[in-house]
Amino acid sequence: MQLTVKALKGKEANIQVSEGDTVLAVKRLVEEKLKVPVSQQRLLFRGKALADEHCLSHYSIGPGSRLNLMVKEQVAPEGNSGNNTAWKSLSVILRKHFSPADAERVLEYVQKDYERSLSLLSLDDIERLATRILHPQYSEATDLGFLD
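Quick note on numbering: full-length UniProt numbering labels position 89 of the sequence shown as 89, and the sequence is numbered without any gaps.
In case anyone wonders, no lab produced these hints; they're calculated from the structure. Model, not experiment: these values are computed from the prediction. Among the clues, some could well be false.
[Unchecked claim] Subject to a maximum C-alpha distance of 16 Å in a straight line, what follows is the list of computed EDC-like cross-link-like pairs (lysine to aspartate or glutamate):
no., residue 1, residue 2
1, K6, E32
2, K9, D52
3, K88, E104
4, K33, E12
5, K35, E73
[Claimed, not checked] Simulated DEER-style distance windows between Cβ atoms:
no., residue 1, residue 2, range
6, S91, T4, 46 to 52 Å
7, S122, P100, 33 to 39 Å
8, L29, L123, 36 to 42 Å
9, I126, S39, 25 to 31 Å
Ideal Cβ placement from N, Cα and C applies to all residues, glycine included.
All chains, full assembly: derive it from the sequences and hints.
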C-alpha cells in the first residue's frame with residue numbers, strides 16, 4: 001500500500017509499505033526519502049504519536065493514509081553552551097598548574113566524574129538541591145534531615 005508522509009514544514013513523500021510493517025520500518029523509509037534521521041522523527045496519524053515497535057495495522061493505517069512528520073531538534077552532543085564554557089574555563093585554570101597533557105587527563109577525569117555523579121542523582125536528591133537553591137532559609141532544616 002502507498003502512504004503519504006508530510007513534514008510539518010513542507011516536504012512530502014510517498015512510500016510503499018505493507019500493513020505488517022512497523023513504524024520503525026516506515027521511519028527508515030522516510031529517512032531515505034526526506035533525509036531526516038530516524039532519531040529526529042516523530043510520526044503522527046490522526047493526531048496520535050506512533051510507537052516504533054507497533055505495526056501500521058495496530059493504528060488502522062490503510063492504503064492512501066496520510067502521516068504527519070514532526071522533526072525533533074537535534075540534540076547537541078556536548079550539552080549546552082554554558083556547560084562548554086565551564087569546561088573551557090576549567091581547562092584554562094588547569095593548564096596554569098599542570099602540563100597540557102596532565103591538564104587534559106585531569107579535565108577528562110573531572111568530566112567523567114561529573115557525568116557519573118549526575119546520573120546517580122535521584123529525584124529526591126534533585127528536589128532537595130532545588131529547595132536549597134530556591135529557599136535558602138530552609139537549607140539548615142534539610143541539612144538536618146527535617147525536610148527529607
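Hint check:
no.: 1; hint: K6 x E32; verdict: 14 Å, holds
no.: 2; hint: K9 x D52; verdict: 22 Å, violated
no.: 3; hint: K88 x E104; verdict: 11 Å, holds
no.: 4; hint: K33 x E12; verdict: 9 Å, holds
no.: 5; hint: K35 x E73; verdict: 14 Å, holds
no.: 6; hint: S91 x T4: 46 to 52 Å; verdict: 50 Å, holds
no.: 7; hint: S122 x P100: 33 to 39 Å; verdict: 38 Å, holds
no.: 8; hint: L29 x L123: 36 to 42 Å; verdict: 39 Å, holds
no.: 9; hint: I126 x S39: 25 to 31 Å; verdict: 26 Å, holds
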